[in-house]
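Residue numbers (this note's numbering), protein chains in the order written: chain A, 1 to 178; chain B, 1 to 157.
FYI, nobody ran anything at the bench for these hints, they're computed from the structure.
Treat each hint with caution, since some may be false.
[Said to hold, decoys possible] Which chain B residues face chain A? A few, computed with CB under 7 Å, are given here:
1. Ser30
2. Pro40
3. His42
4. Ser138
5. Val151
6. Ile152
7. Thr154
8. Trp157
[Unchecked claim] Stretch-level coverage of chain B by chain A, calculated; a stretch enters the list once three of its residues show a Cβ under 8 Å from a Cβ in chain A:
9. 31-39
10. 44-55
11. 78-87
12. 141-150
Please read these numbers as outputs of a predicted model, since none were measured by experiment.
Backbone N, C-alpha and C fix where the C-beta goes; we use that ideal spot for every residue, glycine too.
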Amino acid sequence: MRRKWMVLTAVAVVLMLAPTASAGEAAASVTITAAVDSFAEWAVAAPAIAADAWDDDATITSVDQAITATLALTLYANVATTLTPSSTGTGILTYGTETLSTSYMITGDVTDFDTGYLAAGTASGQFFATSPANTYTVAHTPGDGSHAINLLVKAVSPADRAPDAGDYICNVTLTASW
Amino acid sequence: MRHDIVRIAVVVAGLICAAGGLALGGANWSGQQPYTLAVPEHITGTGAEQARSGSLDMPLDHDTPCTITVSVAKAGDEVLASAGDTLVTSYKLTGAALQNGGDGDWVDSSTFLTRNYSVPETGPPDGITIWVRAAAGSGRANNAGTYSASVILTASW
């Protein structure tokens, strides 16, 4: 009987000591999620074609002279988008009451790029046409979230007189929607 | 008779200690498991300004000083990924029980795996908080979708 108690006591003591004497570890796995929504944004929100940024640094110095400029834009998008051009004004290069004949092209990563300049105007077939709307499609392939879009502009001086000297200004808005 | 009472008490104490597991010298992660951390706000643009973060409290019950290490089940698990696309992923581990309070600033995902955090005091439960920050890349739009990652926190003593 005494021997039995001694064994039990020894076992109990071992059990008591076991947790303190041994090292151990406890692991916890954490699963993390984050979501990216569909979006499109221009790399530069308000780019400009400055007076000295026309091709070959050209300025108009004669009648019936055409000069061109190309504005390289980058559209970050993870979804197919539609580009719609518009203007808060007429989109025609203007200085005071004087204007230059103004036309535009869109090229680059659009499936329906222009092959010729479209006059600044809202009539059908013109750059700012609203009915039917002049739009451009930017297709999207997963993994390709950057699209090169070129806005080309052409300014032509009148053929029958010299326009006033000065900086002619207009604006174009390209809206990406999805 | 008196000796028997003492012996019985010793046996009962031993059994309680063995059954309790944590009663002497151990640690356990508690709280709601499995642990899932969903970053609440979505990313809707590019660049670091689109960083989104979230946190998860992971109570640690322990009655011995321990050390927390970070690991992954397989290489790359620490980075938020979706169909081959990844987000810039950073972590922090904080909590009053951690020596020096844990991380004061974000730790990039690869460095996070090399960290170990000392929990010098005893006294359960201690609130440990894991933080994650997901940032969009720059120069392109990340694919839309749900990105996932997983890390393993191990408390050793």
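So which of the earlier hints does this model not fit?
-> 1, 2 and 4
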